[in-house]
Amino acid sequence: MASRTEIANGQIIPSVTKAITEKSILGFESTGILNLENIHNNPELAAKRLGTTYTLASGRMSITFAAECLRKFFGPEVFNHTGTVNLKFLRPVKAGDTITVTGAVNGSQETEDGTQVSVDLFCDNQDGNRTAVGIGTAIIK
Amino acid sequence: MADAELKVFAYEDVVIGEELGSYDYILTQEMVEAFRTSVDDPEASFPTLGVKHDATAFAMVYTDPIGTVNAGNEVEFFNPPIVGKKIIVTGRIADKYLRRDKPYIVIEATAIDEDGRLLEKLSTYQLKKPDELGKKWHPEQK
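Protein chains in written order, with the working numbering: chain X, 1 to 141; chain R, 1 to 142.
It is possible that some hints are incorrect.
Derived DSSO-like pairs: lysine-lysine, alpha-carbon spacing no greater than 30 Å straight-line [said to hold, decoys possible]:
id : chain 1 : residue 1 : chain 2 : residue 2
1  : X       : K88       : X       : K48
2  : X       : K48       : R       : K85
3  : R       : K7        : X       : K72
4  : R       : K121      : R       : K7
5  : X       : K94       : X       : K141
6  : X       : K72       : R       : K96
Just so you know, these hints were derived from the structure itself, not from any lab.
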């Protein structure tokens, strides 16, 4: 786990690169409890609602990828109990894409519970297009 | 909840603060494994993200013929869920607004387990006019 003295502004966090496949998109959807048809698992619905020829990966997959980067940086004992992820989705992610999540520490502030460290987060596809952007945080003692 | 009891979603009728479905389920090892495989992370700690607590709460109250696109998520993590435990979820409409003439709603969901441990708070910004995004992504498709 990164300790307080090891974290500095501009510090790069571990990145992850994920291959998005139809199987991974459907697998993620299968975790749900309602078996709902949506733009992630029904191409006809995606075509009707979005005009796309493909289904979209859930934005929550990118949230999970970003959480993995932050968990590896802060350590699970910190991130899993104090972490946050806030992403804005900019472009669709679909099967065949490869998403890389990167980030860097952009500051910290003292709170009642410790020092809250903020990390800028970026999700980019294989073409270098940004698919999501946001901020993650965790509180270190 | 039976389909016959679902309300048809209409943006203009939604009230900020409106309670959505409250429900519970048991987190199974199969759910955890399906989630971790799908995100290629054997240590992924919050399979609750795959359950989509907010969208599930919404779907327990509304049917939405127009559909939605997720414009953003804010997630707070408090404690990883434990396999075999009951997870209790409450959802609400936290906000609604127009941005560039496009309608958005914000759905919040909070999850605790059967022992009262706070697990996760999730907010989703939903664009309730998904065809607009489709045109933006694929301007050749009029």
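Going down the list of hints, with the structure as the test:
Distance restraint check for K88/X and K48/X: the Cα-Cα separation of roughly 24 Å lies within the 30 Å cut-off, and the hinted pair is therefore satisfied. The straight-line distance between the Cα atoms of K48/X and K85/R is roughly 38 Å, outside the 30 Å bound, and the hint therefore fails. A threshold of 30 Å between alpha carbons decides the hint, and for K7/R with K72/X the separation of about 43 Å lies outside it, so the pair is violated. At roughly 25 Å between alpha-carbon atoms, K121/R and K7/R fall within 30 Å of each other, so this suggested pair holds.
Between K94/X and K141/X the CA atoms are separated by roughly 39 Å; this puts the pair beyond 30 Å, and the hint is violated. Of the pairs offered as hints, the one joining K72/X and K96/R is violated, with about 35 Å between alpha carbons and a cut-off of 30 Å exceeded.
Checked against the numbered hints given earlier, this structure breaks hints 2, 3, 5 and 6; the rest are met.
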